[in-house]
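Please model the complete structure; the sequences and the hints are all you need to start from.
There are 2 protein chains.
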Amino acid sequence: MVTGGAGFVGSHLVDRLMLMGHQVLVIDNYFTGKKWNIQQWIGHPNFEVIRHDVVDHIAAEVDEIYHLASPASPPHYQENPTKTIKTNVMGTINILGLAKRVKAKVLLASTSEVYGDPEIHPQTEDYWGHVNPIGPRACYDEGKRVAETLMYSYQTQQGVDIRVARIFNTFGPRMNLNDGRVVSNFIIQSLQNKNLTIYGDGSQTRSFQFVHDLVNGLIKLMNSNYSMPVNIGNPREFTILEFAKMIKEKTGTSGKIIHQPGAIDDPRRRRPDITVAQEKIGWHPSYSVEKGLDETIAFFKLHLV
Amino acid sequence: MVTGGAGFVGSHLVDRLMLMGHQVLVIDNYFTGKKWNIQQWIGHPNFEVIRHDVVDHIAAEVDEIYHLASPASPPHYQENPTKTIKTNVMGTINILGLAKRVKAKVLLASTSEVYGDPEIHPQTEDYWGHVNPIGPRACYDEGKRVAETLMYSYQTQQGVDIRVARIFNTFGPRMNLNDGRVVSNFIIQSLQNKNLTIYGDGSQTRSFQFVHDLVNGLIKLMNSNYSMPVNIGNPREFTILEFAKMIKEKTGTSGKIIHQPGAIDDPRRRRPDITVAQEKIGWHPSYSVEKGLDETIAFFKLHLV
Ligand SMILES: NC(=O)c1ccc[n+]([C@@H]2O[C@H](COP(=O)([O-])OP(=O)(O)OC[C@H]3O[C@@H](n4cnc5c(N)ncnc54)[C@H](O)[C@@H]3O)[C@@H](O)[C@H]2O)c1
Ligand SMILES: NC(=O)c1ccc[n+]([C@@H]2O[C@H](COP(=O)([O-])OP(=O)(O)OC[C@H]3O[C@@H](n4cnc5c(N)ncnc54)[C@H](O)[C@@H]3O)[C@@H](O)[C@H]2O)c1
Ligand SMILES: O=c1ccn([C@@H]2O[C@H](COP(=O)(O)OP(=O)(O)O)[C@@H](O)[C@H]2O)c(=O)[nH]1
Ligand SMILES: O=c1ccn([C@@H]2O[C@H](COP(=O)(O)OP(=O)(O)O)[C@@H](O)[C@H]2O)c(=O)[nH]1
Ligand SMILES: O=c1ccn([C@@H]2O[C@H](COP(=O)(O)OP(=O)(O)O)[C@@H](O)[C@H]2O)c(=O)[nH]1
Ligand SMILES: O=c1ccn([C@@H]2O[C@H](COP(=O)(O)OP(=O)(O)O)[C@@H](O)[C@H]2O)c(=O)[nH]1
Numbered sequence: 586m587v588t589g590g591a592g593f594v595g596s597h598l599v600d601r602l603m604l605m606g607h608q609v610l611v612i613d614n615y616f617t618g619k620k621w622n623i624q625q626w627i628g629h630p631n632f633e634v635i636r637h638d639v640v641d642h643i644a645a646e647v648d649e650i651y652h653l654a655s656p657a658s659p660p661h662y663q664e665n666p667t668k669t670i671k672t673n674v675m676g677t678i679n680i681l682g683l684a685k686r687v688k689a690k691v692l693l694a695s696t697s698e699v700y701g702d703p704e705i706h707p708q709t710e711d712y713w714g715h716v717n718p719i720g721p722r723a724c725y726d727e728g729k730r731v732a733e734t735l736m737y738s739y740q741t742q743q744g745v746d747i748r749v750a751r752i753f754n755t756f757g758p759r760m761n762l763n764d765g766r767v768v769s770n771f772i773i774q775s776l777q778n779k780n781l782t783i784y785g786d787g788s789q790t791r792s793f794q795f796v797h798d799l800v801n802g803l804i805k806l807m808n809s810n811y812s813m814p815v816n817i818g819n820p821r822e823f824t825i826l827e828f829a830k831m832i833k834e835k836t837g838t839s840g841k842i843i844h845q846p847g848a849i850d851d852p853r854r855r856r857p858d859i860t861v862a863q864e865k866i867g868w869h870p871s872y873s874v875e876k877g878l879d880e881t882i883a884f885f886k887l888h889l890v
Numbered sequence: 586m587v588t589g590g591a592g593f594v595g596s597h598l599v600d601r602l603m604l605m606g607h608q609v610l611v612i613d614n615y616f617t618g619k620k621w622n623i624q625q626w627i628g629h630p631n632f633e634v635i636r637h638d639v640v641d642h643i644a645a646e647v648d649e650i651y652h653l654a655s656p657a658s659p660p661h662y663q664e665n666p667t668k669t670i671k672t673n674v675m676g677t678i679n680i681l682g683l684a685k686r687v688k689a690k691v692l693l694a695s696t697s698e699v700y701g702d703p704e705i706h707p708q709t710e711d712y713w714g715h716v717n718p719i720g721p722r723a724c725y726d727e728g729k730r731v732a733e734t735l736m737y738s739y740q741t742q743q744g745v746d747i748r749v750a751r752i753f754n755t756f757g758p759r760m761n762l763n764d765g766r767v768v769s770n771f772i773i774q775s776l777q778n779k780n781l782t783i784y785g786d787g788s789q790t791r792s793f794q795f796v797h798d799l800v801n802g803l804i805k806l807m808n809s810n811y812s813m814p815v816n817i818g819n820p821r822e823f824t825i826l827e828f829a830k831m832i833k834e835k836t837g838t839s840g841k842i843i844h845q846p847g848a849i850d851d852p853r854r855r856r857p858d859i860t861v862a863q864e865k866i867g868w869h870p871s872y873s874v875e876k877g878l879d880e881t882i883a884f885f886k887l888h889l890v
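Residue numbers (my numbering), protein chains in the order written: chain Z, 586 to 890; chain Y, 586 to 890.
Derived from the structure by calculation, the hints contain no laboratory data. Be aware that a few hints might be false.
Some chain Y residues close to chain Z (C-beta under 7 angstroms, calculated; not the full set) [unchecked claim]:
#, residue
1, Val-674
2, Asp-711
3, Pro-718
4, Ile-719
5, Val-731
6, Thr-734
7, Tyr-737
With beta-carbon atoms standing in for the labels, derived distance ranges [claimed, not checked]:
#, chain 1, residue 1, chain 2, residue 2, range
8, Z, Lys-619, Y, Asp-746, 38 to 44 angstroms
9, Z, Gly-765, Y, Gln-743, 19 to 25 angstroms
10, Z, Ser-873, Y, Asn-810, 54 to 60 angstroms
11, Z, Glu-633, Y, Thr-782, 54 to 60 angstroms
12, Y, Trp-621, Z, Gly-744, 34 to 40 angstroms
13, Y, Ala-848, Z, Leu-604, 46 to 52 angstroms
14, Z, Lys-619, Y, Ile-627, 33 to 39 angstroms
In this text, a Cβ means the ideal position worked out from N, Cα and C, and glycines have one as well.
In structure tokens, the structure reads:
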């Protein structure tokens, strides 16, 4: 089972699981996902998709659950903060209740946002984070932190077999064209010869991984027997300004780089320490950011009409 | 309306509101509260109590809501972490939904635990906190942090008029005799001439306020027009060892001070900076810890039979 399987990351995970011969059940309410992302499997005997909100009771018999259902980009998750919290809290409780009943393994797609605006760099899994509980990002950051809390509660109280992936910024084909994240914004702006909008001075950093690396990591983590949180991300760090320049160059756009007001509580730096992933689940990224960007730009060219 | 009104703090708040001539409606599921705490008002025409769980839809027409429903002591809130999270998340959503519908003011009883094991001392309201999202205290700490997130979401999205009190350790008559907190443990151990159990070396600190001071603070905050978080606590700081000695002396017990293993993720230091409370709502504590302890010890003597 893949919740949020019609989304960007979920649909790539579904592709891989289907190609591996699994029976796949997708649960999605299409809030940010699209049926188009999984249409290639509709009608396949191993595949099923149900339109369902994870906030409501879930009925299914499954062995493994990848729990990805949650809006992921700031404009989406800030649109209805209460709903974001309900999805992460009630959704995760329902998935854990289901997992308990059917004795399934559950993997939670958590996020580097649990570290907030980090004071240690790069971020290791034992860092407790630096999150503003009453800021505009809190509904997502705190929602995911509580989702993790719930995972470990069900592990301790109910013996549920859990995995927790802390996912760092990810990009690739099928990213939501208008989800407002930096990769899609810069590529679309470039392809339309519009200006590339940097929020703030562009000195803030992010580390970007290609989606196929992430999918590898999620599957490796599920199949490992390591149940503490694991960072999944590419440790190569860019300032947003460097990143804008790179996309400008790759696309040959005539758009210019412009600066807009910085976002509130925008993390200053972000880079994963992936020692745990390497040592415990034998994973490290293998796509270069350049190669990933080429594929992503090609995808956007095809779909921007 | 007072949720959690049959509890320790809630029942003192109810006393004060009744004496001020208000109509008071208590909502409580008696998880840690007792009818005994509010029996003095049962039958009074201005008073009503409903056995109800705040996790479920709440029907009522009210002007002001003091939202206190939540277990508060570590042994209680760790007994069922998922329930603790549900109470704080779904309970707060329901209260805010109700407040939105009837246009009531809502005050959330938040906690100094949102600061976790703090790295700054004393704690000011703008500190983002240092909380382990996957530790044994997380269900309470993160539950309250999300409750705050929800308060500010409903303020921004729905225009609900909110107040957020960050309450520091509080003691007084009607504390749950067996709730495992340090004040009740030390007093009961002393009165029974048993040993006083210090967890760890006793160098960790806490600041203790008497419950009547807290009740003053909550009412002042509700009647103010300040909607950002406000610390309510007594800034006088004790090490747990000093505190044990003080209670030993006051009770003249023959019990000795002994050390037991420290608690996991036990905050090392805790003391409120109450500048905001003083400047914005004109509040500061007026009971000395000594006077409060005398009243509390007298109460325990009466009820320990
Ligand atoms: N993409 C990243 O950079 C990134 C980084 C960190 C974590 N994550 C996490 O990975 C997961 C997938 O992210 P994504 O980038 O694919 O986002 P996405 O928005 O493309 O996908 C999320 C999917 O969840 C579905 N969904 C949302 N709320 C739901 C609900 N209540 N019930 C059922 N389905 C619901 C959406 O319709 C969508 O299909 C999320 O949990 C996200 O928090 C992503
Ligand atoms: N006492 C302190 O030192 C302290 C410190 C910080 C914050 N607080 C907060 O103050 C509030 C009151 O604490 P207290 O010390 O009086 O604790 P308490 O346990 O005595 O009171 C809590 C009350 O809430 C009720 N309750 C719990 N879950 C409920 C639910 N799901 N539905 C309805 N009622 C429910 C309990 O039955 C009880 O009457 C709590 O929100 C607590 O987090 C207390
Ligand atoms: O197959 C199932 C089993 C449980 N749940 C939900 O999971 C949550 C937690 O279930 P659990 O059994 O842990 O607790 P309880 O039912 O006691 O709340 C509940 O809201 C259930 O509705 C679900 O959605 N599908
Ligand atoms: O058009 C944009 C979109 C985002 N950003 C910045 O790029 C970084 C990454 O933003 P994104 O929303 O992609 O993800 P986040 O890591 O903040 O969740 C942040 O510093 C944003 O302020 C930007 O400069 N221009
Ligand atoms: O008088 C009321 C009004 C609302 N709610 C609950 O408050 C929550 C949030 O209500 P809101 O109207 O904000 O959102 P929605 O109903 O759209 O979820 C819902 O679960 C309602 O059941 C309640 O308990 N009492
Ligand atoms: O019998 C006890 C109970 C508590 N404590 C310590 O006293 C402090 C306050 O504990 P309490 O549970 O009262 O409240 P907290 O502030 O930790 O929520 C903590 O450092 C506890 O480890 C102790 O030494 N002995």
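message = Given Y:Val-674 as an interface hint, is its Cβ closer than 7 angstroms to any Cβ of chain Z?
response = Where the cut-off is 7 angstroms and the nearest Cβ of chain Z is about 5 angstroms from Y:Val-674, the hint holds.
task = Classify the hint on Y:Tyr-737 as holds or violated, based on whether any CB of chain Z lies nearer than 7 angstroms to its CB.
result = holds, 5 angstroms
request  = Kindly confirm whether 19 to 25 angstroms is satisfied by the beta carbon distance between Z:Gly-765 and Y:Gln-743.
outcome  = The hinted range 19 to 25 angstroms holds for Z:Gly-765 and Y:Gln-743, with Cβ atoms some 23 angstroms apart.
C-beta pair Y:Trp-621, Z:Gly-744: status relative to the range 34 to 40 angstroms that was hinted = Since the Cβ atoms of Y:Trp-621 and Z:Gly-744 sit about 37 angstroms apart, the hinted range of 34 to 40 angstroms holds.
query = Quick one, is the Y:Asp-711 hint okay against chain Z at 7 angstroms, beta carbons?
reply = violated, 9 angstroms
message = Would the hint on Y:Val-731 be counted as holding, given a Cβ-Cβ threshold of 7 angstroms to chain Z?
response = holds, 5 angstroms
ask   = Does Y:Ile-719 pass the interface check with chain Z, least Cβ-Cβ distance below 7 angstroms?
value = holds, 5 angstroms
inquiry  = Within 33 to 39 angstroms: is that where the Cβ-Cβ distance between Z:Lys-619 and Y:Ile-627 falls?
reply    = Since Z:Lys-619 and Y:Ile-627 have Cβ atoms about 57 angstroms apart, the given range 33 to 39 angstroms is violated.
message = Y:Pro-718 was flagged as interface toward chain Z. Is the shortest Cβ-Cβ separation under 7 angstroms?
response = holds, 4 angstroms
request  = Please test the hint of 38 to 44 angstroms on the beta carbon pair from Z:Lys-619 and Y:Asp-746.
outcome  = Since Z:Lys-619 and Y:Asp-746 have Cβ atoms about 39 angstroms apart, the given range 38 to 44 angstroms holds.
ask   = Taking 54 to 60 angstroms as the hint, is the beta-carbon distance of Z:Ser-873 and Y:Asn-810 inside that range?
value = About 56 angstroms separates the Cβ atoms of Z:Ser-873 and Y:Asn-810, which means 54 to 60 angstroms holds.
request  = Take a look at whether the Cβ-Cβ distance between Z:Glu-633 and Y:Thr-782 falls inside 54 to 60 angstroms.
outcome  = At roughly 56 angstroms between Cβ atoms, Y:Thr-782 and Z:Glu-633 fall inside 54 to 60 angstroms, so the hint holds.
In this structure, the earlier hints numbered 2 and 14 are contradicted, and the remaining ones agree with it.
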